[in-house]
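J.: Taken in order, these protein sequences are the chains called X and U.
So the first sequence is residues 7 to 178, counted in my numbering.
So the second sequence is residues 35 to 288, counted in my numbering.
Keep in mind the hints are simulated off the structure, nothing from the lab.
Ideal Cβ positions, reconstructed from N, Cα and C, are used throughout, including at glycine.
None of the hints are false.
Below 27 Å or equal to it, Euclidean Cα-Cα: the simulated DSS-like pairs (lysine-lysine) are:
#1 113/X to 169/X
#2 168/U to 109/X
#3 109/X to 78/X
#4 99/U to 90/X
#5 168/U to 111/X
#6 271/U to 204/U
#7 111/X to 16/X
#8 168/U to 240/U
#9 113/X to 168/U
#10 232/U to 155/U
#11 88/X to 16/X
#12 16/X to 78/X
Just a sample of chain U residues kept apart from chain X, beta carbon distances all over 10 Å, derived:
#13 113
#14 130
#15 154
#16 222
#17 244
#18 281
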Amino acid sequence: MVETKNISVKQIWSILENVFDPEVPVLSVIDLGIVREVKLPNIPLGDGGIEIIITPTYSGCPAMDVISMNIKMELLAHGFKKVKLTQILSPAWTTEWMSEAGKQKLKEYGIAPPNHKQQICNDELFAPNEAVQCPHCNSYHTHRISEFGSTACKALYQCDDCKEPFDYFKCH
Amino acid sequence: MINQSTSQLINYILCLADNALILGHRNSEWCGHGPVLEQDIAITNISLDLIGQARNFYQYAAQLKTDGSTEDSFAYLRNENEFKNCLLVEQPNGDWAQTILRQFLFSAYQFYLYEELQNRKDDQLAAIAEKSLKEVTYHLRWSSEWVIRLGDGTEESNWRMINAIDGLWKYSDELFIAADYEMKAVDIGTGVDLKIIKSKWQEKVKAVFEEATLIIPENISPRTGGKEGKHTEELNKILNDLQILQRTYPGCEW
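Start from the sequences, fold in the hints, and give me the full structure.
T.: What follows is the structure, encoded as structure tokens:
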């Protein structure tokens with residue numbers, strides 16, 4: 007067991023930076039914005055546990071169970087044996103919670119990060135495609151192939167200049 | 035023992051859950067069979083969202099029921115007459131036009147339902163609705179566009195849509211005919227008054243049908259019963275497929 011009296015919430019957050027999304031392995035759970043809160047118990051940690059509040063990106067996100075398990079394992083590796091994961095749904099996750107560092111990492115990985123100002127979060131039909139920058143050649147001459155992509159959180163685009171298809175972390 | 039009002043609330047939640055599960059299951063039957071790869075991915079993504087929503091509702095119902103029920107026992111071990119989904123969602127996939135129309139009629143209903151439910155006074159139901167609404171916004175837009183594309187498309191896609199309307203319209207009224215537990219849920223401030231969302235749904239369907247050059251049928255006698263557990267033979271076929279593992283090997287895990 008670690009010496010628990012001096013542990014801070016901030017230290018727990020930094021440990022969680024080592025837990026990655028199994029489907030987008032360059033992003034940590036912190037980059038994604040799915041860890042909402044870390045609660046330390048009032049009693050010494052040797053007795054009480056840490057509570058981590060997480061929220062899913064999508065209702066059916068199949069990665070949530072693995073993420074919860076990985077958070078527990080990572081904290082266990084740092085000596086925290088009692089960890090409770092609590093899942094909340096409200097406020098609902100939004101791409102606005104993704105960190106700037108996370109967006110940069112996504113782009114380097116070949117996935118277009120969510121635009122700062124998302125344009126198509128509404129039910130307007132046949133709306134013009136959002137201008138999404140190609141993560142490979144930086145061109146804005148791209149078009150949407152499918153609103154639904156390889157995972158629930160992504161749409162499929164193609165670049166009209168370099169012709170590469172790419173995933174876009176879609177508006178949510 | 036739980037009291038009667040909790041028991042009615044559980045029924046209300048199970049109805050929401052069953053609708054999402056059964057439509058999610060139906061759509062998942064397209065996996066690997068979609069007309070083109072992108073739409074195969076789209077319809078199965080919609081499945082994933084719906085099954086995720088169903089899980090959230092089942093988990094909440096299990097928490098209220100306190101008799102050892104779990105999300106799995108609700109999905110895998112209830113009999114046909116215990117399922118409360120409306121008849122629309124259990125109808126077979128048919129061709130792409132039938133699948134699209136079923137999705138559109140249901141997504142439009144779910145969109146206005148969740149819009150209201152997120153402001154009702156049960157915190158957990160409101161949270162599930164708030165979360166799900168973002169997903170349903172995509173489903174509604176996608177299915178609306180497809181109804182228009184097919185209705186106002188080629189001669190063949192047009193007659194296929196007309197055929198789909200002939201087959202499915204009779205199941206749409208049931209969405210807005212409140213079961214007992216739905217009325218009770220409205221009384222206690224938890225549920226959504228279906229009268230409020232019916233007019234919004236009609237307006238939406240009218241606008242999309244007009245653009246799709248499709249005509250809304252009139253004087254069709256509605257088919258009902260699903261919300262009270264009286265289903266068409268189709269549900270049984272789904273449950274045979276969905277439940278066979280747990281029925282054959284009770285408690286099986288892997």
